[in-house]
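> With chain A held as given, fit chain B onto it using these hints.
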Amino acid sequence: MFRNYLKIAWRNLHRSKAYALINITGLSAGMAVAMLIGLWIWDEVSYNKYHQHYDRIVQIMRQATFQGVTGTGQAVPIPLADYLRTHYGSDFKSVVTSSWTLENIIAAGDNKLTSTGIYMEPQAPEMLSLQMLEGSRKTALQDVNTILLSASLARSLFGGQPATGKIVKLNNKTDVRVSGVYADIPHNSSFSDLAFIAPFSQYLATSGDWAKHAVTDWNEYSFQMFAELNPQVDAQKVSGKIQSVIKDNSADESNPMLLLHPMRKWKLYSEFQNGINTGGDIRFVWLFGLIGVFVLLLGCINFMNLSTARAARRAREVGIRKAIGSAKEQLVGQFLSESLLVVAIGFCIALLLTMLFLPWFNNVADKQIALPWGSVSFWLLCAGFMLVTGVLAGSYPAFYLSAFQPVKVLKGTFRAGRFAAMPRKVLVIVQFAVSVILIIGTVIIFQQIQYTKHRAIGYSRDGLITIPMNTPDLFGHYDALQKDLQATGMVENMAESSSPTTQLFSRGGENMKWRGKREEEKILFGNIACTHDFGATIGWQILAGRDFSREYATDSSAMILNASAATVMGLKDPVGEKIQWGKHQYTVIGVVKDLLMESPFATAMPTVFRLNYDWANVITVKIKPGRDNRAALDKIAAVFKKYNPGSPFNYKFNDQEYGKKFMAEERIGKLAGCFAILAILISCLGIFGLASFTAEQRIKEIGVRKVLGATVLSIWALLSGDFLKLVFIAFLLAAPAAYYGMQHWLQQYEYRTPIHWWIFMATGGAALGITLTVVSYQAIKAAVINPVKSLRTE
Amino acid sequence: MIQLRHISKHYPVGFGKNEILKDVDLTIFEGEFVSIMGPSGSGKSTLLHILGLLEEPSSGDYLFEGELVNKMNEKKRTQLHRGSIGFVFQAYHLIDELTVYENIETPLLYKNIPGAERKSRVADVLDRFNMVAKKDLFPNQLSGGQQQLVGIARAIVAEPRVILADEPTGNLHSDQARVIMQLFKHLNETDKITIIQVTHSEQNAAFGHRVIEIRDGKIQ
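Line order of the protein sequences matches chains A and B.
Numbering follows UniProt numbering, with no gaps: position 624 of the first sequence is 624.
Numbering follows UniProt numbering, with no gaps: position 170 of the second sequence is 170.
Excised from the complex, chain A in its bound form (with noise of 0.2 Å):
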């Protein structure tokens, strides 16, 4: 029976072609999306999952109150891992300190590489269950100077060598001995990018004074602190015990709580609102879903339409079937059958097209997503996916075709009623109201990108190269240095600071007194400490005051304002004022436009500005414009090769860090806008195929027109108007959808983008005039045909 639906759906594919076509590209565009955005919430949900303590492990996260408003960061102190070791040690199985992920250079022998690794605690690997090529989990980080590589580093190090063993020199500062190789963490882990991991006891050795200050110091917020918790503890039950610990045992006003944030909730879930867990990337997941929902909806919608239209021509194979003795059921299982036929020649289509544009889909959405041709499951997620668009697609054209009345159709009285067409334009409406608001919601993502590309940062990025100051040869030569790169006649100017442009590494001051402060006021400021050319390095613009200068021996107890600061201290003129800090006393001798150093889409932190030799990160060198980058690049490798030959010569142009805030946004545009392409393009195809069926239809009506007078404009404007004013409803719904979805979406963006109308106006014109386009070459094919010919078929 079965066979004999297939043979029938086969011929009958075979005989339309067109109509095949149709169907076929229409749904596998669609299946190929939805597979496309399936693997990519697969991913995003799976992220992770490669530890095997999934469950278990969380990091410890702290919040702070300031002025009201509770931030949630994950920087704590050294001697809470002690404190919850000794007084929570039934909940936790291990406590493990660790640095932030730095960049570090390591060498073997000559060969020097840039690496970002990280500083952890010996039960690390057995918490994260490193998969070991060489050396031991529990005892690989135990020594202070060993180190374990990653797979990939190690390769890189020594080539194919077993790498155990072996002595390799880290910042130019340690020898350490490797004392394991893990295999590479994936992609999809927030570990994966560790090339590296050392002992955190090697970390404080290294890092100086403060660091051996920080081992008792439960206010030297520098560090970060994973956990894996005991089989059967709930993770909300100990953050609810240990919430306080940190305020039990330390002076800090601003409310220090601790809460566990478990690992299944760092990838999608890593948001926090005023202290609340407020979600994050999950609202991609449910975006993107929708939409691959949402365009695989379009190609069942022109299957459903375009069968639902040819229903004429089934009809009669409907009346005899009835009449030869078939049930309603078993028509409905027939039609069902060869829906399923056709989303199984698309499913396999789709597959390709995923094939072929993973790589193209990785790139785009940063990812490195495989199809798992080996699970069973996947397969068995397939074979789910195809049954479910076979019956989404094909259930209505089945139930439809299915009630005929067989006496009407084979008496030759079948005639499709006036409103018979009235679920096809709904339809119709729906494809094109997705297309419209996909295609806005695109314009105006694009439109927030540019329009914060375009907000001044308050200083110039133009020429600026950033270079980390992480072997211990760097310091010490400013002087000489800077003399030495505006020698080779391509600076403009150096500078150091303890932050980047693009990046604010450091907060304070909640603790600053000045004129006019009310006593419970705690604000938290940006906190950077720079030399006496960082602002004419970045070009920072002076609003009152003047800037750093060599000339005033008292600019040492100097402090610059940016402008946010000033407002919220409440200082109209603040110049000249004194602030409190600590011990220190400071003199505001100027104040400076805001820097956009953290998210372009924010309102700039309020920061404060001193001088400072000592705290460096980073280097700042400014090229001179009209150079080329090449030979300025290479003339300043030259230099830095003499002040730091152990190290290889690294910079970023602070014009590509800027750029990479947008990367979240840029990737959603692109993204989104590909959907957006595929949702109008199957849409479009879906019309082309109505078209030509109503053509097809009112061939005769057409021949009886023209005999009659009609000219070929007026039959043109007939048959395409139907379809303009079904986009043109379409429009109407979609606007208000997408000015409301996008309203909402700005939202998140404290500097956002004006909705324009023109945008809606465009969107709505474009699509008219694809509509019309597509539906006239149909339309001007129907009304040149000879009403001689066209009648005589009759």
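A hint or two may mislead.
Calculated lysine-lysine pairs in the DSS-like style (CA-CA distance at most 27 Å, straight line) [what the hints assert, rightly or not]:
| no. | chain 1 | residue 1 | chain 2 | residue 2 |
| --- | --- | --- | --- | --- |
| 1 | A | K408 | B | K76 |
| 2 | A | K328 | B | K76 |
| 3 | B | K135 | A | K7 |
| 4 | A | K328 | B | K71 |
| 5 | B | K22 | A | K408 |
| 6 | A | K328 | B | K111 |
| 7 | A | K408 | B | K111 |
| 8 | A | K7 | B | K134 |
| 9 | B | K17 | A | K408 |
| 10 | B | K111 | A | K7 |
| 11 | B | K119 | A | K328 |
Because the hints were derived from the structure by calculation, they are not lab data.
Quick look at chain B alone, frame taken from chain A:
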């Protein structure tokens, strides 16, 4: 075998109704070959459709072998339809996408007859109608007479007790028509199949035992 009691059929037209059949009483015995005749629009096709369960009467009782058809549930009606009734149409109504063989096989598929038996029964019928050579052709590759032969083959392959034929020779010229009518006669005499045909032609009617005249929805 078949008994109609006070059967009426009407369609709504605007605010009134169009009466097609008015209070029809009719009895047909097993093994009869009956011809229904009458002018266009007299209701003969509707009567045939009601007999064939394709339409329901507006009122009245339809008894098939003493059982009241209008009281049967959907499943039983479908069974009766599949097992006992074969249809032959004026326009043949073969499925264009299926070959001769597959067209004949289709009713057996609906009766859920196992593959081997299906094969032998279709082969039997093909053999009997001398169409073995044509079994893989599609309907549009056959002449009208041949198509109607396939139509009849399809009607009898499920071994029905009654064949309902709606002007089976209406689209054929007289030679072909005679062949078809002789086939009906043969089926009636040797296979004991009850045949009810609608026809315009006195000649065709002469092949049957009895003629029922219908005019304005009433049996004369």
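> Please go over all the hints and tell whether each is borne out by the structure.
Each hint tested on the structure:
For the suggested pair K408(A) and K76(B), the alpha carbons sit about 23 Å apart, so the restraint of at most 27 Å is met. Simply put, K328(A) and K76(B) have alpha-carbon atoms about 14 Å apart, close enough for the 27 Å limit, and the pair holds. As the CA atoms of K135(B) and K7(A) are separated by approximately 16 Å, the hinted pair is consistent with the 27 Å bound. Distance hint between K328(A) and K71(B) is fulfilled; the C-alpha atoms sit about 19 Å from each other, no more than 27 Å.
Distance check on the hinted pair: K22(B) and K408(A) sit about 21 Å apart at the alpha-carbon level, within 27 Å; holds. Pair hint K328(A) plus K111(B) holds up; C-alpha atoms about 14 Å apart against a cutoff of 27 Å. A distance of roughly 24 Å separates the Cα atoms of K408(A) and K111(B); the hinted pair therefore holds under the 27 Å criterion. For a cut-off of 27 Å, the pair hint linking K7(A) to K134(B) stands: about 19 Å separates their Cα positions.
Between the alpha carbons of K17(B) and K408(A) the distance comes to roughly 18 Å, so the proposed pair stays at or under 27 Å and holds. The straight-line distance between the Cα atoms of K111(B) and K7(A) is roughly 19 Å, inside the 27 Å bound, and the hint therefore holds. Restraint check: the Cα-Cα separation between K119(B) and K328(A) comes to about 25 Å, which is no more than 27 Å; the hinted pair holds.
Checked against the numbered hints given earlier, the structure satisfies every one of them.
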